[in-house]
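Engineer: Chain by chain, the residues:
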Amino acid sequence: MWVVAEHYKGIIHKVAYQLLAKGRELADILNVSLTLVILGDKFDALLDEFGEYGADKVIYVKSTLLKDYYSDLYVKTLTELISKRKPEIVLIGATPTGRDFAPRVAKRLNAGLTADCTGLDIEKETGNLMQTRPTFGGNIMATIRTPTSRPQLATVRPGIFKAVTCEKKKIKIIKLEKEYKEKDSVAKIVKIISKEKKKINLEDAEIIVAGGRGVGSKEGFKLIKELAEVLGAEMGGSRVTVELNWLDQDRQVGQTGKTVSPSLYIACGISGAIQHLVGMQNSGIIVAINRDGNAPIFNIAHYGIVGDLHEVIPVLIEKVKKAMLEE
Amino acid sequence: MKIFVCIKQVPGVSEVKIDPKTNTLIRSGIPSIINPHDKHAIELGLTIKENHGGEVIAISMGPPQAEQALREALSMGVDKSYLLTDRAFAGADTLATSHTLALAIKKLLKELKKADPYLVICGTQAIDGDTAQVGPELAEELGIPQITYVLNFELKVDRIIVERVFRAEEIIIIETKLPALISVLKEINNPRKPGIKGIVDAYEKKKVVFWNSEDLKADKTEVGLNGSMTEVWKIFIPVRKGEHIKLTGTIDDMTNELVKNLKEDKVI
Numbered sequence: 008m009w010v011v012a013e014h015y016k017g018i019i020h021k022v023a024y025q026l027l028a029k030g031r032e033l034a035d036i037l038n039v040s041l042t043l044v045i046l047g048d049k050f051d052a053l054l055d056e057f058g059e060y061g062a063d064k065v066i067y068v069k070s071t072l073l074k075d076y077y078s079d080l081y082v083k084t085l086t087e088l089i090s091k092r093k094p095e096i097v098l099i100g101a102t103p104t105g106r107d108f109a110p111r112v113a114k115r116l117n118a119g120l121t122a123d124c125t126g127l128d129i130e131k132e133t134g135n136l137m138q139t140r141p142t143f144g145g146n147i148m149a150t151i152r153t154p155t156s157r158p159q160l161a162t163v164r165p166g167i168f169k170a171v172t173c174e175k176k177k178i179k180i181i182k183l184e185k186e187y188k189e190k191d192s193v194a195k196i197v198k199i200i201s202k203e204k205k206k207i208n209l210e211d212a213e214i215i216v217a218g219g220r221g222v223g224s225k226e227g228f229k230l231i232k233e234l235a236e237v238l239g240a241e242m243g244g245s246r247v248t249v250e251l252n253w254l255d256q257d258r259q260v261g262q263t264g265k266t267v268s269p270s271l272y273i274a275c276g277i278s279g280a281i282q283h284l285v286g287m288q289n290s291g292i293i294v295a296i297n298r299d300g301n302a303p304i305f306n307i308a309h310y311g312i313v314g315d316l317h318e319v320i321p322v323l324i325e326k327v328k329k330a331m332l333e334e
Numbered sequence: 015m016k017i018f019v020c021i022k023q024v025p026g027v028s029e030v031k032i033d034p035k036t037n038t039l040i041r042s043g044i045p046s047i048i049n050p051h052d053k054h055a056i057e058l059g060l061t062i063k064e065n066h067g068g069e070v071i072a073i074s075m076g077p078p079q080a081e082q083a084l085r086e087a088l089s090m091g092v093d094k095s096y097l098l099t100d101r102a103f104a105g106a107d108t109l110a111t112s113h114t115l116a117l118a119i120k121k122l123l124k125e126l127k128k129a130d131p132y133l134v135i136c137g138t139q140a141i142d143g144d145t146a147q148v149g150p151e152l153a154e155e156l157g158i159p160q161i162t163y164v165l166n167f168e169l170k171v172d173r174i175i176v177e178r179v180f181r182a183e184e185i186i187i188i189e190t191k192l193p194a195l196i197s198v199l200k201e202i203n204n205p206r207k208p209g210i211k212g213i214v215d216a217y218e219k220k221k222v223v224f225w226n227s228e229d230l231k232a233d234k235t236e237v238g239l240n241g242s243m244t245e246v247w248k249i250f251i252p253v254r255k256g257e258h259i260k261l262t263g264t265i266d267d268m269t270n271e272l273v274k275n276l277k278e279d280k281v282i
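Residue numbers (our numbering), protein chains in the order written: chain B, 8 to 334; chain H, 15 to 282.
Pairs of lysine to aspartate or glutamate, EDC-like flavour, derived with a Cα cap of 16 Å: (1) Lys248(H) - Glu130(B); (2) Lys94(H) - Glu57(H); (3) Lys280(H) - Glu333(B); (4) Lys182(B) - Asp51(B); (5) Lys280(H) - Glu213(B); (6) Lys202(B) - Glu184(H); (7) Lys74(B) - Glu186(B); (8) Lys277(H) - Glu213(B); (9) Lys277(H) - Glu325(B); (10) Lys190(B) - Glu189(H); (11) Lys326(B) - Glu278(H); (12) Lys202(B) - Glu183(H); (13) Lys329(B) - Glu271(H); (14) Lys198(B) - Glu184(H); (15) Lys182(B) - Asp55(B); (16) Lys191(H) - Glu168(H); (17) Lys328(B) - Glu271(H); (18) Lys63(H) - Asp93(H); (19) Lys200(H) - Glu250(B); (20) Lys326(B) - Asp266(H); (21) Lys195(B) - Glu189(H); (22) Lys198(B) - Glu183(H); (23) Lys277(H) - Glu333(B); (24) Lys326(B) - Glu271(H); (25) Lys49(B) - Glu186(B); (26) Lys191(H) - Asp79(B); (27) Lys198(B) - Glu168(H); (28) Lys260(H) - Asp315(B); (29) Lys202(B) - Glu177(H); (30) Lys191(H) - Glu189(B); (31) Lys16(B) - Glu184(H); (32) Lys198(B) - Glu177(H).
Per label pair, the in silico range of CB-to-CB distance: (33) Ile18(B) - Leu165(H): 19 to 27 Å; (34) Glu218(H) - Asp299(B): 44 to 52 Å; (35) Thr262(H) - Met331(B): 23 to 31 Å; (36) Glu250(B) - Lys211(H): 26 to 34 Å.
Quick caveat, the hints were computed from the structure, so don't treat them as lab data. Ideal Cβ positions, reconstructed from N, Cα and C, are used throughout, including at glycine.
Sequences are here, hints too, so could you generate the full structure?
Structural biologist: See the structure below:
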């Protein structure tokens, strides 16, 4: 069982730790080892840490050039590694990076690949990886398997599984040095333009207060923001709020936005279209505040308040403030 | 220059239902459309042709009724179109789909002089399957570089310079030689609407060429269900979990109860 890590500016994408947790569970069912594969530079000091997240082994392909992402070099390196070492299962984060190289690796290996999985399991009798993913906009779930060929490749949506730390153990580190040069890649990186925009990490938020159409206006989001600030939360929203420009794109939760799993998700004026639900249904506690008592959001909410958010939230803010003071 | 645009016909609604008895998709009564991302791919192809010349060729794999999607592409201004349709192609996963598309492009490339560069444009993903896999898999089979998630495109003779967006805080400018495959984001352009002349031409002057597995000299073990490594084991409607406690009373009561519960749950 392999997990392929990706990184950006020297930081490992958190989906790698999430996949190690799920990978550990699956590897134990299959009674196989769990290996983390990382292609990059300057990760030497970090590798032991993966043992705390469940890995038995790390394959570290060290190359100065691969501090940045090169599509064709990732494909080449991973394909060679997989052909040589023959893992049964390879899990990759369903980030744009993962979804760029994974299909190409699968094609070169003539292997099955399932995109953007939200559920993984092992079929006991066969050892097949059962890969569940939303399809048709999340209205339907499909469970897919790769019955006859190996390896089985899957990209897995970030934020679905939780990273867990376990007892520190000694891990085996396999370090392979590659002297890749820029000319080895057909496509050249001409320039990297960093955008000044403040980075919002909705996926990492412990609490999210999200607004939907019911918020009513861009002005209305001030109330959402106020509640978020009192709770120390991030602000999010449904697709329509982004389309109406009430909220920035990077705060969108749902099928076409972020998938989040905070410990508390407060949905205000969100009816709960399935496209939104798929992005937040793994949250710990879900609170819904909505005027329409029949809104589907109440089907998944742990606590529901049927009422006008413009009346409920100001009172809630005061109650939360008071509760915080009492502590 | 030849510009190949790969398009897919998809159900024109965001909500597709399944028949609980047969566990299959209910497709009847649902209009079909060109996958929205693919319209942006067509638009880019047409823009490149207008600025640099060339020929825009739309290719789709699907059932015979996918002809409609190609007619629409022709009415937007695409020059030629090919529908890869055969019972043997049915049930294809992305691996088998990309193979079938690759066979068609290779067949068309045989007509080219060797040195001619070409470009393949795809939409990033289809709204039904949402895999985003066919583009990269097609590039691999054609043996050409790929650039996915493209926001901006520039052609310089035999090279392309594009902006690739993998994350909100960064744009990477990448240059590569043709031939190449790109998959485009919806933000790249605004697809044109076909005019009356375009529509008339699409039906009277232009053709949708149908190719089956024999035309493509496809090995039947490499296309459709037989050529697929993955299989759909089952489909189901997602189960929604939750305890659904609706709080009651005045706003004061409800918010009191909520805060008390959230404290007990240790989330605030």
